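I would like the entire structure built from these sequences, with the hints used as guidance.
The opening residue of the sequence shown carries number 1 in my numbering; numbering runs sequentially from there.
To be clear, the hints were calculated from the coordinates, so they are not data collected in a lab.
Watch out, some of these pointers could steer you wrong.
In silico EDC-like links for lysine to aspartate or glutamate, alpha-carbon gap of 20 Å or less [to be verified]:
id: 1; residue 1: K111; residue 2: D87
id: 2; residue 1: K46; residue 2: E11
id: 3; residue 1: K64; residue 2: D87
id: 4; residue 1: K68; residue 2: D17
id: 5; residue 1: K111; residue 2: D49
id: 6; residue 1: K33; residue 2: D52
id: 7; residue 1: K111; residue 2: D17
id: 8; residue 1: K48; residue 2: E11
id: 9; residue 1: K68; residue 2: D56
id: 10; residue 1: K64; residue 2: D106
id: 11; residue 1: K46; residue 2: D17
id: 12; residue 1: K20; residue 2: D38
id: 13; residue 1: K33; residue 2: D87
id: 14; residue 1: K104; residue 2: D17
id: 15; residue 1: K104; residue 2: D87
id: 16; residue 1: K111; residue 2: D56
id: 17; residue 1: K111; residue 2: D38
id: 18; residue 1: K48; residue 2: D23
id: 19; residue 1: K64; residue 2: D38
id: 20; residue 1: K33; residue 2: D17
Values in this document were obtained by computation on a predicted structure and should not be read as measured data.
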Amino acid sequence: MYILTSEELTELICPFDTSKVTDMYGMFSMLPKLTSLDLSTFNTSKVKDMGDMFEDSYNLTRLKLGAKFVFVGSNYHLPRGTWYASDGTAYTSNGYSCTIPNNKADTYIRK
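Right, here's the structure in full:
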């Protein structure tokens, strides 16, 4: 499953049925102006490859995840920094993987 690359895309709400998707490699990569991404409807329970999912989307600062979202692997390239949940809990990303817990619906803000 791929999203067409658009250098002008700044916000994306993704109401897709992803319950049968197995490959999300590079899905949101090379979107340098993307700042906000809503993946709250994503079910990643069958995903085997999430490599480079957010690569070069380095301006992403808002990420909304749902209860059925699970990060897969350790090379999905979530932008580096500290991501804060709505309750103020801080999670880190080293630019490859992160400490945001799986299956925890929330909106995470990077500062």
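Could you tell me which of the numbered hints above are not met by this structure, giving the numbers in increasing order?
2, 5, 7, 8, 9, 13, 20
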